[in-house]
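*Asks:* Residues per chain, in single letters:
Number of protein chains: 2
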Amino acid sequence: MNTVSPLAPERFPDLPEIGGVRVATVEAGIRYKGRDDLLLVELAPGTAIAGALTRSLTASAPVDWCREALTGGRARAIVVNSGNANAFTGRAGKTAVEHTVAATAAALGCAEREVFVSSTGVIGEPLPAESTIVQKLPGLARALASGSWDRAAGAIMTTDTFPKGASATAKIGGRTVRIAGIAKGSGMIAPDMATMLAYVFTDAAVPPDLLQRLTSRAVERSFNAITVDSDTSTSDTVLVAATGAAGNPEPDAAMLRGFARALEAVCRDLAHQIIRDGEGASKFVEIAVTGAASARAAKRIGLAIANSPLVKTAIAGEDANWGRIVMAVGKAGEKADRDALRIGIGGVEITRGGQVVPDYDETPVARHMQGQDIRIAVDIGVGRGKATVWTCDLTHGYIDINGSYRS
Amino acid sequence: MNTVSPLAPERFPDLPEIGGVRVATVEAGIRYKGRDDLLLVELAPGTAIAGALTRSLTASAPVDWCREALTGGRARAIVVNSGNANAFTGRAGKTAVEHTVAATAAALGCAEREVFVSSTGVIGEPLPAESTIVQKLPGLARALASGSWDRAAGAIMTTDTFPKGASATAKIGGRTVRIAGIAKGSGMIAPDMATMLAYVFTDAAVPPDLLQRLTSRAVERSFNAITVDSDTSTSDTVLVAATGAAGNPEPDAAMLRGFARALEAVCRDLAHQIIRDGEGASKFVEIAVTGAASARAAKRIGLAIANSPLVKTAIAGEDANWGRIVMAVGKAGEKADRDALRIGIGGVEITRGGQVVPDYDETPVARHMQGQDIRIAVDIGVGRGKATVWTCDLTHGYIDINGSYRS
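Those protein sequence lines, which keep their order, are chains U and A. Using the numbering used here, you'd call the opening residue of the first sequence number 1 and step up by one each time. Using the numbering used here, you'd call the opening residue of the second sequence number 1 and step up by one each time.
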């Protein structure tokens, strides 16, 4: 169950140091033994923060806190623990967040609303913040250092089988800026403990409102365009912090085009790594939808295909089962024209005009299905809306991981 | 893969003959060998018909035909074949339906719009109606007889592991009327070939408009309240035929209350049998949602729980994993109050006030999870809307059935 995913990258990437960002990790013994499970990130004064949080209506206490703190637009610290999600823990959960935030603000000498908190792990168990996190914070503050992204990415893992990181650079007003990010996530909720968390740091100077706009768009096309099992965590959190250490001139939207592309690339890279670590995944699947009534419709259709257990099991069986893609398009509820629908797999057109193409030869498609990266293209034929989503297949491994008892 | 479901009933029930209804089955060799795969049902002149059809936007040619024919409100014949869904077959699919309808109308001497057609099986393969169904119809017409519901139920099976039937009686204006129904379905779409089909027959005299109203309500609370894998067939069809042979007085809505209950009971029984034959199912799961903002909201929340792969795999693992139920409620998108949410399994209250109940003892719940019938109760705590839905667990069997190659 903890063997590394066959879709994992060769190694953790080399990520650049980001001016104004220092990290430290420690084993707090919240649930795991013999590994770090607590991460403290210190951000330079004046750092702008933006984010995206779960839409779950049963969101965790840390998510409630972050939603409120994000309105301030500034951050000095991010504290993340793994092993316990502090979700569905009632008033005790809120108190645990308050203790963590107060201890962090004291250790770093910053305002409480500049402290952001995430927890990932078991749902419904009280988080013993005072006896674990609060005790460790002073030592963590003393251990803060630049770099060591791999240890930071490792400390936030739950059922992940590999740490996830990505980076990019861009120019703002002629000045080069760096972006580095880490993430974790394996099932939308793994044996009660996945959740998708992502933290992206840049030394660019970007005002909070612009940073939020770029973050929302990047998340929509990356983290919000992936699905392992259609389930939504109570704790999903994406935070993007811009320290300004690069000293670029105050940018306007136009100056940030390159930065926006780089930010989206980092988010997409991290999102793809989450899919490549999808529970039980043996195939990475890209679903490109075109010709829909709108971009929103295209995305809904793409996700209907990506979330169909029948499509996902067929891919696991290396079966070019296009009939199930027809079914999934039909159930998406978005405008579609059965007789205009075109489906291609691995670059081979399979259907056109509402039926299979004449003399369709499945041989090259069957070969493509045997690979690790599956490409599905669907043209709805009713408009110009398009979207791409990513998922993995549904295998016995998923059942093994999620059908086993919690303990 | 064809071993009978562990949740199957002891035996096919004894169903009453229904005045005005005669059936015949035959092996047409459409796909299967050594079993009947074609069913003809003859209905007495003046029979009222009502129905519910798939909402899929890639519906099959037979569904398109039935949608149109239902506007007439009268039926003389129903023709059903298994092995080929005649779905996504373009113009050829429409032609196949036209040939089948014409041949049936000729064999029984009725109008074409009184003929209803269903096909279930592989998607995307042309249905050779002329060389199979059309050839067999004259012989079928001569073989028509009352009863033999078990053979009728058997002829429409695809990946089903047992034939499905149910019956009930009711009184209309003092006169006893009978209801008998058959159904098939195993996955929403099994290896490209499930689909849910149900045909209910009664000797009651009920005008088409009233029959349609009762049918729509019964379907909403039965066939539309079950899910195996959240996937929607291109061919789902429910037809309810009332021959009037019982000779009851012309009824108004008030006189039909008992009949409505009986009709719903038959539909629910058939719907439950479909779940009990769910692909790979080892547990039958009832999810009762109360306290939602509306009945519609309650149903959406119930289906979000029933369709969650994480909830379904936990049940397969006999894990009373209530945290995943919290997650599913949160993702349903309907009004919910985390801190008012109450969850019970097997009659034992697990959460209250947004957290697990004090001194929660999982022992009796764990025992309940080891049984074949799992009962989950969720109170949302925001209103008075309620709904009950049914599903099965997600097991290795589902992956085996659906991950295997089509051929």
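Please note: incorrect hints may appear among the correct ones.
As the list claims (entries may be wrong) - DSBU-like mimics (lysine-lysine), calculated; alpha carbons at most 35 Å apart, straight line:
hint, chain 1, residue 1, chain 2, residue 2
1, U, K386, A, K94
2, A, K94, U, K335
3, A, K33, U, K335
4, U, K335, A, K171
5, U, K171, U, K33
6, A, K171, A, K386
7, A, K386, U, K94
8, A, K171, U, K386
9, U, K94, U, K171
10, A, K33, A, K94
11, U, K335, U, K386
12, A, K335, U, K94
13, A, K386, A, K335
Honestly, the hints are just simulated from the structure, not real lab data.
*Asks:* Indicate, hint by hint, whether the structure satisfies it.
*Replies:* These are the hints, each one checked on the structure:
Restraint check: the Cα-Cα separation between K386/U and K94/A comes to about 30 Å, which is no more than 35 Å; the hinted pair holds. Using a Cα cut-off of 35 Å, the hinted pair K94/A and K335/U holds, with the two alpha carbons roughly 21 Å apart. At roughly 39 Å between alpha-carbon atoms, K33/A and K335/U are farther apart than 35 Å, so this suggested pair is violated. The suggested pairing of K335/U with K171/A is violated, with an alpha-carbon distance near 44 Å, which exceeds 35 Å.
Of the pairs offered as hints, the one joining K171/U and K33/U is violated, with about 43 Å between alpha carbons and a cut-off of 35 Å exceeded. Our distance criterion of 35 Å between C-alpha atoms is met by K171/A and K386/A, whose separation comes to about 29 Å. A distance of roughly 30 Å separates the Cα atoms of K386/A and K94/U; the hinted pair therefore holds under the 35 Å criterion. As the CA atoms of K171/A and K386/U are separated by approximately 56 Å, the hinted pair breaks the 35 Å bound.
About 41 Å separates the Cα atoms of K94/U and K171/U, which puts this hinted pair outside 35 Å; it is violated. Restraint check for K33/A and K94/A: the C-alpha separation of about 25 Å stays at or below 35 Å, so the hint holds. The suggested pairing of K335/U with K386/U holds, with an alpha-carbon distance near 13 Å, which does not exceed 35 Å. The straight-line distance between the Cα atoms of K335/A and K94/U is roughly 21 Å, inside the 35 Å bound, and the hint therefore holds.
This hinted pair checks out: K386/A and K335/A have alpha carbons roughly 13 Å apart, not beyond 35 Å.
The structure is inconsistent with the numbered hints 3, 4, 5, 8 and 9, although it conforms to all the rest.
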